[in-house]
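Work out the full structure, taking the sequences as your base and the hints as a guide.
Going down the list, the protein sequences come from chains A and B.
So for the first sequence, the working numbering puts the first residue at 3; every next one is plus one.
So for the second sequence, the working numbering puts the first residue at 341; every next one is plus one.
Since the hints were made in silico from the structure, they are not lab data.
Ideal Cβ positions, reconstructed from N, Cα and C, are used throughout, including at glycine.
Mixed in with the good hints, there may be bad ones.
As the list claims (entries may be wrong) - For lysine-lysine, the following DSSO-like pairs were computed, each having C-alpha atoms within a straight-line distance of at most 30 angstroms:
id, chain 1, residue 1, chain 2, residue 2
1, A, Lys379, A, Lys280
2, A, Lys33, A, Lys23
3, B, Lys568, A, Lys33
4, B, Lys568, A, Lys374
5, B, Lys568, A, Lys4
Stated by the list, open to error - Estimated spans, in silico, between C-beta atoms of each pair:
id, chain 1, residue 1, chain 2, residue 2, range
6, B, Asn464, A, Arg284, 34 to 40 angstroms
7, A, Tyr120, B, Ala508, 20 to 26 angstroms
8, B, Ala470, A, Ser333, 45 to 51 angstroms
9, A, Met209, B, Pro466, 58 to 64 angstroms
10, A, Pro20, B, Asn483, 41 to 47 angstroms
Unchecked claim - Negatives, chain B to chain A, calculated, CB over 12 angstroms:
id, residue
11, Glu359
12, Arg360
13, Ile416
14, Leu431
15, Thr439
16, Gly468
17, Val476
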Amino acid sequence: MKAVCWHGSQDVRVDTVPDPKILNPHDAIIKVTSTAICGSDLHLYDGYIPTMQSGDILGHEFMGEVVETGPEVTNLKQGDRVVVPFTISCGNCFFCNRDLWSLCDNTNTNAWMAEKFYGHSPAGLFGYSHLLGGYAGGQAEYVRVPFANVGPLKVPDGLSDEQVLFLTDIFPTGYMAAENCDIQPGEVVAVWGCGPVGQFAIRSAMMLGAERVIAIDRIPERLALAEAAGAEIINYEEMDAGVALKEMTGGIGPDCCIDAVGMEAHGTGAMALYDTVKQAVRMETGRAMVLRQAIVACRKGGKVSVPGVYGGFIDKMPMGAFVNKGLTMRSGQTHVHKYLRPLLERIRNGDIDPTFLITHRLPLEEAPHAYKIFRDKEENCIKVVLKPFATTPELAGAAT
Amino acid sequence: MENAMSTQTPASKQAGDLERWASIIGGGAMVLTGLQRRSLKGILTAIAGGGLVYQGTQGKSTLKQVEDAAGLDHAIRVEKTVTINRPAADLYAFWRDLTNLPTFMRHLQSVQVIDDRTSHWVANAPLGQAIEWDAVIVNDEPNHLIAWTSTDDAPIENSGFVRFRPSAGDRGTEVKVVMEYQPPGGMLGTAIAKLFGEEPEQQIGDELHRFKQLMEAGEIATIEGQPKGG
Ligand SMILES: NC(=O)c1ccc[n+]([C@@H]2O[C@H](COP(=O)([O-])OP(=O)(O)OC[C@H]3O[C@@H](n4cnc5c(N)ncnc54)[C@H](O)[C@@H]3O)[C@@H](O)[C@H]2O)c1
Ligand SMILES: [Zn+2]
Ligand SMILES: [Zn+2]
Chain A
3 MKAVCWHGSQ DVRVDTVPDP KILNPHDAII KVTSTAICGS DLHLYDGYIP
53 TMQSGDILGH EFMGEVVETG PEVTNLKQGD RVVVPFTISC GNCFFCNRDL
103 WSLCDNTNTN AWMAEKFYGH SPAGLFGYSH LLGGYAGGQA EYVRVPFANV
153 GPLKVPDGLS DEQVLFLTDI FPTGYMAAEN CDIQPGEVVA VWGCGPVGQF
203 AIRSAMMLGA ERVIAIDRIP ERLALAEAAG AEIINYEEMD AGVALKEMTG
253 GIGPDCCIDA VGMEAHGTGA MALYDTVKQA VRMETGRAMV LRQAIVACRK
303 GGKVSVPGVY GGFIDKMPMG AFVNKGLTMR SGQTHVHKYL RPLLERIRNG
353 DIDPTFLITH RLPLEEAPHA YKIFRDKEEN CIKVVLKPFA TTPELAGAAT
Chain B
341 MENAMSTQTP ASKQAGDLER WASIIGGGAM VLTGLQRRSL KGILTAIAGG
391 GLVYQGTQGK STLKQVEDAA GLDHAIRVEK TVTINRPAAD LYAFWRDLTN
441 LPTFMRHLQS VQVIDDRTSH WVANAPLGQA IEWDAVIVND EPNHLIAWTS
491 TDDAPIENSG FVRFRPSAGD RGTEVKVVME YQPPGGMLGT AIAKLFGEEP
541 EQQIGDELHR FKQLMEAGEI ATIEGQPKGG
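Dropping the structure here:
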């Protein structure tokens, strides 16, 4: 089959590899009909996540059709159309039982490695380094899905791939980011980053009752999309986002601050230069401009929510501001399983139509190009969906 | 005998020590720290023997006990605990059928049960070799503890125990493994050191983790055999 493989920093290729096989009794094999590229993939693409190996198959946002099931798979059968959470969860451990699916104890094949880095191991993830299990990802024609009784959700008839694909990650991620703010009536939510995660965080904050949402980025088309959802916007290249937030909130600061950017934040000024240099020589693994700014901007007693991914260490954490302003911070890889059904319901009842995000529909072969334009924000790229089995007219048709 | 007796501690002190060790093994603290320079083998056999602490069940003299302790400089001692979301009885039952062990202990080829106490172990050694030994269960407390030690003719002296203890809250069972082995000198010693890995702590941790996966999730997570680009 064809698969998108990582070969090094900014080097992804479409390779021909063997088809996946059932390896464990709870496995299923899925024929991938749609798969997306995520901001998290860019951290791999840019070489900031350790323990990638040349040839690793990328991709954690995918859906498709069940073609084979292991002997202990009882929930699925051949031909079922499913979306698959990017987190792999066993369904039986302490964490799965408490809806903390991304913290599953039993799915990271390299738990010992993660324990060395983090003290404890989180769940295995599709296509996201050997530190997190080394599972082959879904930017491929076929993919093996472990614990198929637990993760995949059958898609009801009448919903297209594009309507439900983002249930695999970014819609739940934006939603959990907003939920982690525990938004109260009348509250103001600031969202750093208007990429896919930021866009869903903005819309989720509104669904969860935010009175105002202020979105921060510098890319015009992304800011425009945030504005279209009803957010007020700040272009951080035109003004200091921290100052602007204070002015826009009567000097109080936003009640809730969401870092939907993560460790590759882009910035201006001396601190940004400091981070860029340290990250380049690997003395610091994240450029934490946004997280620092969010903590300083947040109102006293406010809430900081961090869906943005950090892999290792950051410098100059403003712990003084955090402590003395009595802030609360919440984070995590998304507990996707918890959100699948409620958010599917939101799509069905018309609360949201996730297709607003898609700017590019491409065949799998064009993945190297797609990674590049998504990373460099060329061609107004916001979200790419790859369709491994679509014909050219289908891709053209879907784009209209 | 007269002579040996004179160097021993009074019986009441022995009983007190025994109680203390039993409670260390059954309790929540670090076992190896508690045992310090006592040999695990000595303690396990003593507890099993119900009081013959300083002579051990095999009738070792006090002097020999001290020598055992001195040898600990070369011993590899590991302690690892994992919490498994299953009742102790299930976990004990799976482990007590020693033939199940190779399903989650990668370095083992097979364990053959000879009788209720004795078993024969075959482990993979480097270069396609195998090493074999017999082990006896010296303590078997259903749903709580299994302790074993290798027989005297084993090429590698090893002892250990696995202990099952209900955990706080409704989290299931704390499973603790403590092991001690004495690699012999020379080539064989090097080979055996490899057998238990560069980092025995990590290897035992991995094995316990696989045991947990099997017990909780019904399978051991793997990526062996999945596709990869060239
Ligand atoms: N927690 C999870 O489970 C989870 C899941 C998916 C993605 N993520 C993470 O969320 C983050 C965003 O993902 P995405 O797909 O939206 O990525 P993306 O790269 O498309 O979006 C990031 C956006 O942040 C903007 N940005 C950069 N620096 C900024 C700054 N200083 N201030 C304001 N905006 C800035 C960029 O212009 C870009 O629009 C990534 O770190 C990704 O790894 C986390
Ligand atoms: Zn993603
Ligand atoms: Zn689990």
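> Tell me, which hint numbers fail for this structure?
Replying inline: As far as the earlier hints go, not one is violated by this structure.
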